[in-house]
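The lines below spell out each chain.
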Amino acid sequence: AQSVTQPDIHITVSEGASLELRCNYSYGATPYLFWYVQSPGQGLQLLLKYFSGDTLVQGIKGFEAEFKRSQSSFNLRKPSVHWSDAAEYFCAVGADSNYQLIWGAGTKLIIKP
Amino acid sequence: DAGVTQSPTHLIKTRGQQVTLRCSPKSGHDTVSWYQQALGQGPQFIFQYYEEEERQRGNFPDRFSGHQFPNYSSELNVNALLLGDSALYLCASSFGTPWEQYFGPGTRLTVT
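The listed protein sequences correspond, in order, to chains Z and A.
Everything in the first sequence is counted per the working numbering, starting at 1 for the first residue and increasing by one.
Everything in the second sequence is counted per the working numbering, starting at 1 for the first residue and increasing by one.
The set of hints was computed from the structure by calculation and includes no laboratory data.
Since the structure is predicted, the reported quantities are computational estimates derived from the model, not experimental observations.
Idealized CB from N, CA, C, for every residue including glycine.
Possibly wrong hints are sitting among the right ones.
[What the hints assert, rightly or not] Under the rule of at most 30 Å between Cα atoms (straight-line distance), these lysine-lysine pairs were calculated in the DSS-like manner:
1) Z:61 with A:13
2) Z:68 with Z:49
3) Z:49 with Z:108
4) A:26 with A:13
5) A:26 with Z:108
6) Z:49 with A:26
7) Z:61 with Z:108
[Stated by the list, open to error] Residues on chain Z that point at chain A, a partial pick, calculated with CB under 10 Å:
8) 7
9) 12
10) 13
11) 24
12) 25
13) 27
14) 34
15) 43
16) 49
17) 83
18) 87
19) 91
20) 99
[Said to hold, decoys possible] Non-contacting residues of chain Z with respect to chain A, defined by C-beta distances greater than 10 Å in every case (computed):
21) 14
22) 15
23) 19
24) 42
25) 44
26) 45
27) 46
28) 60
29) 72
30) 75
31) 82
32) 94
33) 98
34) 100
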């Protein structure tokens, strides 16, 4: 069965510092990979997606993610975080075998001034 | 270009009651998925509707049912509410690629 692991429940980063959020998935074939962001009490906003091709994908708000098949990972990065990036970040996986997205438990990003 | 809209925003119900949540997809989208998100957790897939039929269902009891209308909007119905049904209910729409989903703001359901 597919699964998604986000190992870090919370991450604290200073404003202006770089960020990397980890995501590992379990699936036999090439998955469809997504990162979403959720502000408190809000819905989910799609940051970026990977279907195929270039393994480094660019998203909105200056985020990027890299698909590493050998590590079954799809880590999210940002070179310099802003206070407005404080939110919860979710990694999700889709696959040809079904239509749903499988979600990680989320990583809460805290920004130190 | 309107995004995904959901109504109501908040809802308080009593155990045993029934509730209906509504969703209008993003313009041009024909597929609607529903998710339940408990506090501090990732979303859990309830079901997906396409061409007015339930295309796939997650691990939820039959108390959870849905409908999709010819204009692609959708309803989620929950019968015999339990305290554990308290959650944020998210609707997502898509077109073509069912996994690239765009979410509404959610409906916060509280069962007392």
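Comparing the hints with the structure gives:
no., hint, in the structure
1, Z:61 with A:13, "violated (38 Å)"
2, Z:68 with Z:49, "holds (14 Å)"
3, Z:49 with Z:108, "holds (20 Å)"
4, A:26 with A:13, "holds (28 Å)"
5, A:26 with Z:108, "holds (27 Å)"
6, Z:49 with A:26, "holds (18 Å)"
7, Z:61 with Z:108, "holds (17 Å)"
8, 7, "violated (14 Å)"
9, 12, "violated (17 Å)"
10, 13, "violated (20 Å)"
11, 24, "violated (14 Å)"
12, 25, "violated (13 Å)"
13, 27, "violated (12 Å)"
14, 34, "holds (7 Å)"
15, 43, "holds (4 Å)"
16, 49, "holds (6 Å)"
17, 83, "violated (22 Å)"
18, 87, "violated (14 Å)"
19, 91, "holds (9 Å)"
20, 99, "holds (4 Å)"
21, 14, "holds (25 Å)"
22, 15, "holds (25 Å)"
23, 19, "holds (20 Å)"
24, 42, "violated (6 Å)"
25, 44, "violated (4 Å)"
26, 45, "violated (7 Å)"
27, 46, "violated (6 Å)"
28, 60, "holds (13 Å)"
29, 72, "holds (18 Å)"
30, 75, "holds (17 Å)"
31, 82, "holds (22 Å)"
32, 94, "violated (3 Å)"
33, 98, "violated (6 Å)"
34, 100, "violated (4 Å)"
The structure is inconsistent with the numbered hints 1, 8, 9, 10, 11, 12, 13, 17, 18, 24, 25, 26, 27, 32, 33, 34, although it conforms to all the rest.
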